[in-house]
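S.K.: The listed protein sequences derive, respectively, from chains F and Y. Residue 1 is where the first sequence starts when you use the working numbering, and the numbers rise one by one after that. Residue 223 is where the second sequence starts when you use the working numbering, and the numbers rise one by one after that.
No lab work stands behind these hints: they were computed from the structure. Cβ atoms here follow ideal geometry from the backbone N, Cα and C, with glycine treated the same way. A few of these clues could be false.
[As the list claims (entries may be wrong)] Here are some chain Y residues pointing at chain F (derived, C-beta under 10 angstroms):
hint, residue
1, Leu226
2, Phe234
3, Lys284
4, Thr286
5, Asp290
6, Met351
7, Arg353
8, Glu513
9, Leu516
10, Leu517
11, Arg600
12, Ala603
13, Thr606
14, Gln609
[Said to hold, decoys possible] Residues of chain F placed beyond 12 angstroms of chain Y at every Cβ, according to the derived structure:
hint, residue
15, Lys27
16, Gly31
17, Cys108
18, Glu122
19, Leu137
20, Gly185
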Amino acid sequence: MIELKNISKEFTHGTEIFTALSDISLKIKKGDFCSVTGPSGAGKSTLLYVIGGLIHPDSGRVIYNGMDIYKLNRRDINQYRSKNLGFMFQQFHLMPYLTVTGNIRLACDGKNIEDKISFYLEKCSLADMRNKYPSELSVGEKQRTAFIRAIISEPEILLADEPTGNLDAANSEILMSLVKDYNKGGGTVLMVSHDPEISGYANRNISLCKGRIQLNKTEPSS
Amino acid sequence: MNLLRLVFEELFYRKVSSLIILLTVIIAGTVSVAIYTLSKASENETRKIMREQGLNLYIFPKGTNLIDFYSIGNTPSFPEEYVDKLAESKTFDAVRHLTGILQVRYSDWTDPNGSSHQIVLLGYKDEAMQRFLPAQETMGFDVEKGKVHVGALIARNIRAGDPFIIKGSDGRSRSFQIEERLEEGKGMIDQGVAFNLGDLQDVLGMQGKINKIEALGCVCKDGRIKNARNQVQAIFSDLEVTELSSIADARENQRLMMNKYGAFIIPFVILSCLLITGLLFYQNVTVRSHEIGLLKAMGKSTYSILFLIIAKAFFLGLAGGIIGFFSGHLVAEYFGKEIFRFTASDIKPLWNVFYYCIILFPVLWVLASWIPALLATRIDAAKTLSQE
Chain F
1 MIELKNISKE FTHGTEIFTA LSDISLKIKK GDFCSVTGPS GAGKSTLLYV
51 IGGLIHPDSG RVIYNGMDIY KLNRRDINQY RSKNLGFMFQ QFHLMPYLTV
101 TGNIRLACDG KNIEDKISFY LEKCSLADMR NKYPSELSVG EKQRTAFIRA
151 IISEPEILLA DEPTGNLDAA NSEILMSLVK DYNKGGGTVL MVSHDPEISG
201 YANRNISLCK GRIQLNKTEP SS
Chain Y
223 MNLLRLVFEE LFYRKVSSLI ILLTVIIAGT VSVAIYTLSK ASENETRKIM
273 REQGLNLYIF PKGTNLIDFY SIGNTPSFPE EYVDKLAESK TFDAVRHLTG
323 ILQVRYSDWT DPNGSSHQIV LLGYKDEAMQ RFLPAQETMG FDVEKGKVHV
373 GALIARNIRA GDPFIIKGSD GRSRSFQIEE RLEEGKGMID QGVAFNLGDL
423 QDVLGMQGKI NKIEALGCVC KDGRIKNARN QVQAIFSDLE VTELSSIADA
473 RENQRLMMNK YGAFIIPFVI LSCLLITGLL FYQNVTVRSH EIGLLKAMGK
523 STYSILFLII AKAFFLGLAG GIIGFFSGHL VAEYFGKEIF RFTASDIKPL
573 WNVFYYCIIL FPVLWVLASW IPALLATRID AAKTLSQE
């Protein structure tokens with residue numbers, strides 16, 4: 001479904017050049033649940049954003065269903081993101097002036113979306129919070145709202161950058177079981193995490209170090 | 223989600239910042255509208271004073287003895303087409319409101335009681351249109367054919383409803399309907415009668431003749447009066463210009479001074495407010511960098527991001543422009559009465575300015591937000607979203 005071919009990316013800080021990704025080649029199949037691990041500065045997030053069309057690699061290609069996403073025009077790459085990708089972040093990034101349902105609606109168009117939103121709110125134990133603002137939510141509730149926002153438009157791929165980074169163990173478990181459900185439903189997940197326990201939910205572990213793949217291991221399905 | 227809803231949700235959420243931006247538009251609107259309204263009110267009052275006092279420049283045939291002109295009345299005349307020729311001259315722009323006048327002393331007018339009086343007769347030609355210059359409201363007397371305006375002293379001798387009867391040079395009496403009985407204190411016209419020029423020429427047997435052109439020349443100290451003299455003499459070397467100083471001159475100077483200050487204050491205030499708005503929008507974009515990054519990650523287009531910022535500026539500009547118009551009018555009304563002693567009726571809402579306000583202020587505030595909006599579209603989504 002997604003293929004990365006010889007992706008390299010360097011960043012410059014003053015006179016210093018920092019190699020984030022170095023000649024990365026990778027294939028991700030539909031339905032994969034990949035955890036991307038590695039120490040700080042290994043290039044995990046860069047890999048995620050390169051796949052997300054947000055960081056243009058210096059060289060190499062990202063091929064999604066046969067098309068090189070960095071050869072798309074601006075309009076098509078926006079469409080690639082809105083139709084095929086869902087993003088989750090460590091900091092949730094909820095709009096502070098929108099309610100829970102308002103934040104979820106940001107990611108979806110259409111009039112008959114209410115039933116779908118209600119279904120997910122129920123599933124994520126947020127039904128009573130639908131009209132609350134982010135400032136009135138706990139961190140776990142915030143991240144579950146961000147999760148619904150990421151998957152409400154039924155994207156093929158969920159890109160998650162340290163989604164449990166701010167959650168306690170109980171909330172991490174709730175969130176990960178929701179992500180796992182999404183994966184079981186056919187969604188592809190690419191999740192960056194420091195937490196080795198979180199990697200246990202994935203069926204494929206990719207370990208990066210200094211911008212290179214050190215380990216790319218597929219576990220038997222749990 | 224509808225982008226417009228997102229604009230309003232954000233606008234009401236960040237109340238303080240939105241209110242400050244709104245306040246900048248209101249201040250700019252209030253100051254601009256107040257100064258402009260006062261200037262217009264002052265201009266109207268000047269026009270009113272001048273209309274009552276007469277115009278400030280007299281153009282006579284060269285060598286006219288002014289003592290004779292005012293006391294005896296047998297001074298030289300000249301063709302009334304001179305007025306039209308001056309008005310049509312492209313090089314004649316130092317003088318406005320050209321009005322051809324035939325003014326004579328009439329020594330034997332008999333009032334309805336049989337008493338004989340010496341009175342002044344003034345025939346007014348319709349104010350000449352200077353079509354090469356911007357149009358202005360007329361200032362001269364506008365007397366219809368067959369009608370007269372009678373001065374206060376003469377009106378005392380005529381009963382209300384009676385016609386004004388005068389014997390012509392041919393010995394035949396003519397009757398005119400009195401359209402207006404003028405109030406006292408208007409100078410020479412107190413003891414005079416204002417006719418339509420054609421009617422008076424007929425009474426006096428002076429068809430096609432006038433002996434004075436009254437006009438409004440700028441009395442400012444920039445040499446324009448001298449310029450007016452030169453321009454008249456270049457066209458008609460047999461005419462000369464005499465200046466009449468009056469209260470109207472002072473009023474005109476006051477108006478010009480106000481316009482001068484207005485020309486500085488209005489742009490200064492508007493530019494300052496625009497600068498503050500630009501900085502506030504820059505701060506707004508900085509605060510919202512995560513939101514904007516997220517919208518980009520969700521596939522929202524550059525135009526959508528631009529719209530979020532610019533629409534906010536537009537709506538605040540529109541609201542501020544409307545409020546600024548009405549508050550500006552109230553300020554003009556208050557200070558106009560208190561400081562400049564304008565009559566209340568001179569200060570009215572200028573609705574053409576209202577239309578400018580609802581167009582100009584949204585456009586200006588959109589322009590002020592333009593650079594921050596462009597910066598918003600350049601926010602690096604990956605960088606802002608990955609920040610811990």
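S.K.: Now tell me, hint by hint, if it's right for this structure.
M.R.: How the hints compare with the structure:
| no. | hint | in the structure |
| --- | --- | --- |
| 1 | Leu226 | violated (13 angstroms) |
| 2 | Phe234 | holds (7 angstroms) |
| 3 | Lys284 | violated (77 angstroms) |
| 4 | Thr286 | violated (79 angstroms) |
| 5 | Asp290 | violated (84 angstroms) |
| 6 | Met351 | violated (58 angstroms) |
| 7 | Arg353 | violated (54 angstroms) |
| 8 | Glu513 | holds (6 angstroms) |
| 9 | Leu516 | holds (5 angstroms) |
| 10 | Leu517 | holds (8 angstroms) |
| 11 | Arg600 | violated (13 angstroms) |
| 12 | Ala603 | holds (5 angstroms) |
| 13 | Thr606 | holds (9 angstroms) |
| 14 | Gln609 | holds (7 angstroms) |
| 15 | Lys27 | holds (23 angstroms) |
| 16 | Gly31 | holds (23 angstroms) |
| 17 | Cys108 | violated (8 angstroms) |
| 18 | Glu122 | holds (21 angstroms) |
| 19 | Leu137 | holds (16 angstroms) |
| 20 | Gly185 | holds (21 angstroms) |
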